Amino acid sequence: MRKSTKIIGAVGVGMFAVVLLFALFGPMVIPYDAYKQVGGSFLPPSAQHWLGTNDMGQDILAELAVGARTSLFIGMMTAILATLIGGFIGVLAGYIGGRFETFVMRVIDIVLTLPFLPLMIVVAVYIGPGVFTQIFVITLVLWAGKARQIRAQTLSIKSAGPVLAAKTMGASDFYIFRRHIIPGVFPLFIPQFVGSVNAAILMESSLSFLGMGDPTMKSWGSILYYANSRSGFLTDAWAWWIIPPGVCIVLVVLAFSFIGYYLEEKVNPRLGAYTVAPKRPKQHITTNEALVAHHIALRVENLTVQYPKNNAYTSVVSDVNFSVKEGEVLGIVGESGSGKSTVAAAIIQQLRGKAHVPTGSIYFEGQDVKQFSDEELRQLRGQQIGYIAQAAMNALNPVLSVERQLKEAIVAHAHVSKKEIDARIDEVLMQVGLEPKWRYAFSHELSGGMRQRVIIAMALINKPKFVIADEPTTGLDVIVQVEIIQLLRKLQQDMNLSMIFISHDLPAVLSITDRLIIMKYGHIVDFGPSRELAKTSTHPYTRRLIDAIPLLHPKKEQSYGATR
Amino acid sequence: MSRTFSTIGKKLFQYMLVLFVAITINFGLPRLAPGDPLLYFFDESTIRELTDVQRQDVLNSVGLGGSLWEQYISYLQGILTWDFGYSITYAQPVTAIIADKLGWTLLLVLPALLLSTLIGVMIGAYSAWNRGKGRDVTLLTTMLTFQAIPGFWIGMLFIAIFAVQLGWFPTYGAMSIVQDGTTWGYVKDVLWHLVLPVTTLSIATVGSNYLLTRSSMLESLGQDYMLMAEAKGVKKRTLIFNHGLRNALLPIYTQFTMALGSLIGGSVIVESVFSYPGIGRLLYESVVARDFPMLQGVFFMITLGVIAANILADITYPFIDPRAKSTTKKVQA
Amino acid sequence: MERLVNIQNLMKVYGHHKSEQVAVLKDVSFSFAQGEIIGLIGASGAGKSTIGKILAGLEQPTNGHIDFDGTNLTALPSKERRKFAKHIAMIFQDPYESLSPRMTIEELVEEPLIIQRIEKNKEKRRDMVKEALRVVSLDPEKYMSRYPHELSGGERQRIGVARAFVCKPKLIIADEPTSMLDTSLRLELIQLLKSMNEQYGISYVFVTHDIALTKGFCDRIIVLHEGEIVDIGPTDDVIHAPTHPFTKSLIDALLLLEGAQP
Chain U
5 MRKSTKIIGA VGVGMFAVVL LFALFGPMVI PYDAYKQVGG SFLPPSAQHW LGTNDMGQDI
65 LAELAVGART SLFIGMMTAI LATLIGGFIG VLAGYIGGRF ETFVMRVIDI VLTLPFLPLM
125 IVVAVYIGPG VFTQIFVITL VLWAGKARQI RAQTLSIKSA GPVLAAKTMG ASDFYIFRRH
185 IIPGVFPLFI PQFVGSVNAA ILMESSLSFL GMGDPTMKSW GSILYYANSR SGFLTDAWAW
245 WIIPPGVCIV LVVLAFSFIG YYLEEKVNPR LGAYTVAPKR PKQHITTNEA LVAHHIALRV
305 ENLTVQYPKN NAYTSVVSDV NFSVKEGEVL GIVGESGSGK STVAAAIIQQ LRGKAHVPTG
365 SIYFEGQDVK QFSDEELRQL RGQQIGYIAQ AAMNALNPVL SVERQLKEAI VAHAHVSKKE
425 IDARIDEVLM QVGLEPKWRY AFSHELSGGM RQRVIIAMAL INKPKFVIAD EPTTGLDVIV
485 QVEIIQLLRK LQQDMNLSMI FISHDLPAVL SITDRLIIMK YGHIVDFGPS RELAKTSTHP
545 YTRRLIDAIP LLHPKKEQSY GATR
Chain L
535 MSRTFSTIGK KLFQYMLVLF VAITINFGLP RLAPGDPLLY FFDESTIREL TDVQRQDVLN
595 SVGLGGSLWE QYISYLQGIL TWDFGYSITY AQPVTAIIAD KLGWTLLLVL PALLLSTLIG
655 VMIGAYSAWN RGKGRDVTLL TTMLTFQAIP GFWIGMLFIA IFAVQLGWFP TYGAMSIVQD
715 GTTWGYVKDV LWHLVLPVTT LSIATVGSNY LLTRSSMLES LGQDYMLMAE AKGVKKRTLI
775 FNHGLRNALL PIYTQFTMAL GSLIGGSVIV ESVFSYPGIG RLLYESVVAR DFPMLQGVFF
835 MITLGVIAAN ILADITYPFI DPRAKSTTKK VQA
Chain Y
8 MERLVNIQNL MKVYGHHKSE QVAVLKDVSF SFAQGEIIGL IGASGAGKST IGKILAGLEQ
68 PTNGHIDFDG TNLTALPSKE RRKFAKHIAM IFQDPYESLS PRMTIEELVE EPLIIQRIEK
128 NKEKRRDMVK EALRVVSLDP EKYMSRYPHE LSGGERQRIG VARAFVCKPK LIIADEPTSM
188 LDTSLRLELI QLLKSMNEQY GISYVFVTHD IALTKGFCDR IIVLHEGEIV DIGPTDDVIH
248 APTHPFTKSL IDALLLLEGA QP
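Read top to bottom, the protein sequences are chains U, L and Y. Just so we're aligned: the first sequence equals residues 5 to 568 in the working numbering. Just so we're aligned: the second sequence equals residues 535 to 867 in the working numbering. Just so we're aligned: the third sequence equals residues 8 to 269 in the working numbering.
Hint data in this document are derived by calculation from the structure and do not stem from the laboratory. For clarity, every value in this text was computed on a predicted model and none was experimentally measured. One thing to keep in mind: the hints can contain errors.
As the list claims (entries may be wrong) - With a straight-line cut-off of 20 Å between C-alpha atoms, the simulated PhoX-like cross-links for lysine-lysine are:
#, chain 1, residue 1, chain 2, residue 2
1, U, Lys-283, L, Lys-770
2, L, Lys-667, L, Lys-544
3, Y, Lys-131, Y, Lys-175
4, U, Lys-423, U, Lys-441
5, L, Lys-769, U, Lys-411
6, U, Lys-286, L, Lys-769
7, U, Lys-10, U, Lys-270
8, U, Lys-411, L, Lys-770
9, Y, Lys-175, Y, Lys-201
10, U, Lys-286, L, Lys-770
11, U, Lys-283, U, Lys-422
12, U, Lys-441, L, Lys-859
13, Y, Lys-131, Y, Lys-149
14, Y, Lys-93, Y, Lys-149
15, U, Lys-7, L, Lys-667
16, L, Lys-667, U, Lys-270
17, U, Lys-467, L, Lys-859
18, U, Lys-374, U, Lys-10
19, U, Lys-358, L, Lys-667
20, U, Lys-283, L, Lys-859
21, U, Lys-422, U, Lys-441
22, U, Lys-329, U, Lys-423
23, U, Lys-283, L, Lys-769
24, L, Lys-770, U, Lys-10
25, U, Lys-422, L, Lys-722
As the list claims (entries may be wrong) - Computed beta-carbon distance windows for the label pairs:
#, chain 1, residue 1, chain 2, residue 2, range
26, L, Ile-613, Y, Val-29, 42 to 50 Å
27, L, Pro-785, Y, Val-29, 24 to 32 Å
28, Y, Val-29, U, Thr-363, 26 to 34 Å
29, Y, Lys-255, U, Gly-452, 18 to 26 Å
All C-beta atoms, glycine included, are put in the ideal place defined by N, C-alpha and C.
The shape of chain U in the complex, shown without the other chains (with noise of 0.2 Å):
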């Protein structure tokens, strides 16, 4: 996590508790009553009235402590109700399903519909003012979402694997509610009363300032609806009257947003994702001729990738060295955490995260990409090296069609007429096997294998000399996959390309590339000609990966049998 968020969460926590204990000993400690008047009219703030007093001669300090208890009771009050009876209604409503979790999400939907400002005025109006009023009409209104998100994570409880496991070990449903939906769900309800706590407060002096507030009770909205209501801003009482009681209702509504922030980045894996790349100016990159004259199209020396971790740097990727020849197919091989993928991210300098490299050099045709400038860099990604990803669900950008990210891609490179492009994407599809009209599609349109053939499209509109591709048949049916690396081969040997083929299933490397690398933690453990390898290797973790590859016609039989 970022230090600036613990930084958030901890001044939040401090600002809450600072507004606590003046509301807890505040009154204890002030020597007057709130409700009293103990001296002159608009007295500025002195040392014996600190904010001074109101127009009833009533000092402000007092008021606002008192006012801190009610404001911060009705505040905690509604958000625990609210979380309780949303959550209670929502995990049940989860749980039970059908009809009964129909009939309930419709609720919330009408509850959630209904304009909530407005109905919370009416309501109040007709029940008459007071704290019951106020707990109640806010509890109406923030039940409803409260209800709606409890159920999501109940739903999503509910399908997942321990509840699945306990079904098939033959648990009662009362069973799974009590070991495995309650003891999963409880803990998200913490962050939903922390989102509550805020709105609650808001919601209250809102209320307060336009008098549904109790008449006989002060909190910090019912001292501005009076400030308000006596047109306070007119004299110059206004900096004492209305100032203070308004900086406490911010400070503690930020106090649970900042909490608030704090837990959902701690909670929400998806916000942590993206990180920002530092700026690169351009420099003056010498060019390695050694490298170009023998026809060398990459080389990667002592690339070593590392990712902090505990506070200190641990390596993903070390020491590793190789080099491609012009029109040669490369494989990696390894399995998760090996690397291999982070080496791919390195060639085209986007490693994720807060990635350190402290050694290493990736040339390119000659010059170390490590050196290129943010311009010089988009200029070799997608044109000069093409970038094959896996083609998970979201690889392809969902709201965009198939022509629109083919066409960014070729008026990113090149200035073309429309026609030239509406030709050159006819092309490309053709080329991966696709009928022109699955330009128009969009991803959610696709199979699996439609997509990964739309990825190869997009890495080669620009026909570039060289492509990286990311495990390109992961996650595809075994037919989709040969289909997939005849593809690959075939565009390979008619496009003369260089290839990065980047695998955990080495039949599939095997196939089609020239030399293998096989990595292991982050280190290149065995490397060789491919079939030289398969067959003659002697290293044991290539051994322990050939060996293991299940084949239907194998030279000798196979057998599991532990013992035979």
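With chain U fixed as given, assemble chains L and Y onto it according to the hints.
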């Protein structure tokens, strides 16, 4: 296609239910509440002077005569014929007064909504793109603070500082009582009165727009398609707008249309502070004056506005999210 | 060998409204004996996992019946049906999310014993958990008090196997148990399952998309395509002489990959 129809049908059914609930709240609350219903309309001394016949007449005139069922039927009839009765304070048909005030509210709320959405989205996207840097943290804490400020308090401070102390802007109302007679003068006067309320409303709502944009933008920026687009070598502008913000826009658009719906009802507080003659102020006035026909009429209209915005959102959403369309004709053709 | 499971005319349709209905399984029938290992092969969406889920009691079939050891499971009320979970256990595909992060390894493996009320005595239960852990070659002393997140993927999947084993079931449904594991660990898991079959006579329904994995492990395989059985028979027979075009193309695809190897 049939599926699309059934989802629209379900939605419409839901909106009918919402309307029904609003109507029932309007109808039910004054009748369920304890005490003499006439207390809502007159003070105690007036009621004491009424004869039984007069009392019955009065009850009939405000729709409280006869059995509950009869009352409900006549109440529904009223709504269907667009008749919400007479306002007690204005002694005019409720619909006429609402029509009179609606324009002022729109004049105040629409610019504020556009302003706060535009600014919120822009700085939210900027903040997300620069996540973790100093400017992001500064913007974030500022906007969280804005979000924590109650709208009425900003209004009060603005009046005290910019209207009373500095005298730059008027303290209340939508226009001056004395006009110079020219159209330009009138327009200028109205705009001059709008500055403080619009700014107040914008500040009060910009925080949530900012936060929503920032978090949905961050989520979008962390997706695989961002890496893919970057690997294609597209320009930074394309990356931020076509990929990052374009996807982040989906929840923002939903919130925008929802805000459009609560537009009429959401300005109660600002209109009250600035004594601005719109629907919100009308709602507040009818609360203070216990003008129940008025209150019911306004609440009904506000609900209607919310439903209209929801329908608009449902119809337009598929245009910005292709996944919401059930069929794609182009591909099948 | 005694017949353990007999599935007749199994059908599963998802979706309520007619226009949205999808038939995942259309009239599937097969049976197998105690101790037999059956491989269910197919592409994604072929319905192979659905059969597994129905057998494990996670889904109700739309039609058809399942005879288990002479009892018609589909006719049982749910309370009675649940008792059969001690005879039919399941191993899940994802070793990460099928284990509750809040429970220790001991609690996880113990859970079936508690649910099925197999042993009231805590000490005896603990002994059974220890035995199950030893069967999957994990040292009980070392693992019992640890939490799933402290273990590697391969270790977690072994916990899943121990949990399935602890009630000494007659049948274990293994739903792609190797697909989330690294290549080098797949073989070990299959060897473990095979040895449990040999020692305890446990039957498996092994659901996989990779036909090559069934060789040498499954006695018979069933190839599913779009909800129907298109090939069924002893593993080697199906692999060497597939009858249906889908099975042929599946095997051709694999052979193409293998052809590139030494």
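Going down the list of hints, with the structure as the test:
Distance restraint check for Lys-283 (chain U) and Lys-770 (chain L): the Cα-Cα separation of roughly 12 Å lies within the 20 Å cut-off, and the hinted pair is therefore satisfied. Among the hinted pairs, Lys-667 (chain L) with Lys-544 (chain L) is inconsistent with the structure: their alpha-carbon atoms are about 46 Å apart, more than 20 Å. Restraint check: the Cα-Cα separation between Lys-131 (chain Y) and Lys-175 (chain Y) comes to about 15 Å, which is no more than 20 Å; the hinted pair holds. For the hint linking Lys-423 (chain U) to Lys-441 (chain U), the alpha-carbon distance of about 16 Å falls within 20 Å, and the restraint holds.
Taking the CA atoms of Lys-769 (chain L) and Lys-411 (chain U), the gap is about 13 Å. The hint holds against a cut of 20 Å. At most 20 Å may separate the alpha-carbon atoms for a hinted pair to count; Lys-286 (chain U) and Lys-769 (chain L) meet this at roughly 17 Å. With a CA separation close to 10 Å, the supplied pair Lys-10 (chain U) and Lys-270 (chain U) stays within the 20 Å bound. For the hint linking Lys-411 (chain U) to Lys-770 (chain L), the alpha-carbon distance of about 16 Å falls within 20 Å, and the restraint holds.
The suggested pairing of Lys-175 (chain Y) with Lys-201 (chain Y) holds, with an alpha-carbon distance near 15 Å, which does not exceed 20 Å. Between Lys-286 (chain U) and Lys-770 (chain L) the CA atoms are separated by roughly 16 Å; this keeps the pair inside 20 Å, and the hint holds. About 33 Å separates the Cα atoms of Lys-283 (chain U) and Lys-422 (chain U), which puts this hinted pair outside 20 Å; it is violated. Between Lys-441 (chain U) and Lys-859 (chain L), the direct Cα distance comes to roughly 18 Å. Compliance with the 20 Å bound is thereby established for this hinted pair.
Annotation: proposed proximity of Lys-131 (chain Y) to Lys-149 (chain Y) holds, straight-line Cα distance about 19 Å (limit 20 Å). In summary, the hint linking Lys-93 (chain Y) to Lys-149 (chain Y) is not supported, as the alpha carbons are separated by about 27 Å, beyond the 20 Å threshold. Under the criterion of a C-alpha separation no larger than 20 Å, the hint pairing Lys-7 (chain U) with Lys-667 (chain L) is consistent with the structure, at around 11 Å. Under the criterion of a C-alpha separation no larger than 20 Å, the hint pairing Lys-667 (chain L) with Lys-270 (chain U) is consistent with the structure, at around 18 Å.
The straight-line distance between the Cα atoms of Lys-467 (chain U) and Lys-859 (chain L) is roughly 34 Å, outside the 20 Å bound, and the hint therefore fails. Note on Lys-374 (chain U) and Lys-10 (chain U): the hinted pairing is violated, with a Cα-Cα distance of about 33 Å set against a maximum of 20 Å. Using a Cα cut-off of 20 Å, the hinted pair Lys-358 (chain U) and Lys-667 (chain L) holds, with the two alpha carbons roughly 14 Å apart. Under the criterion of a C-alpha separation no larger than 20 Å, the hint pairing Lys-283 (chain U) with Lys-859 (chain L) is inconsistent with the structure, at around 40 Å.
For the given pair, Lys-422 (chain U) sits about 17 Å from Lys-441 (chain U) by alpha-carbon distance, which is consistent with the 20 Å threshold. Between Lys-329 (chain U) and Lys-423 (chain U) the alpha-carbon distance is near 36 Å, which puts this suggested pair outside the 20 Å criterion. For the hint linking Lys-283 (chain U) to Lys-769 (chain L), the alpha-carbon distance of about 15 Å falls within 20 Å, and the restraint holds. Between the alpha carbons of Lys-770 (chain L) and Lys-10 (chain U) the distance comes to roughly 30 Å, so the proposed pair goes past 20 Å and is violated.
About 48 Å separates the Cα atoms of Lys-422 (chain U) and Lys-722 (chain L), which puts this hinted pair outside 20 Å; it is violated. Our hint of 42 to 50 Å for Ile-613 (chain L) and Val-29 (chain Y) holds, since their Cβ atoms are close to 45 Å apart. One distance hint, 24 to 32 Å for the beta-carbon pair Pro-785 (chain L) and Val-29 (chain Y), holds here, with the actual separation near 30 Å. Hint check: Val-29 (chain Y) to Thr-363 (chain U), Cβ distance near 54 Å, so the stated range 26 to 34 Å is violated.
As the Cβ distance of Lys-255 (chain Y) to Gly-452 (chain U) is approximately 22 Å, the hint placing it in 18 to 26 Å holds.
Consistency with the previously given hints fails for numbers 2, 11, 14, 17, 18, 20, 22, 24, 25, 28, ordered from lowest to highest.
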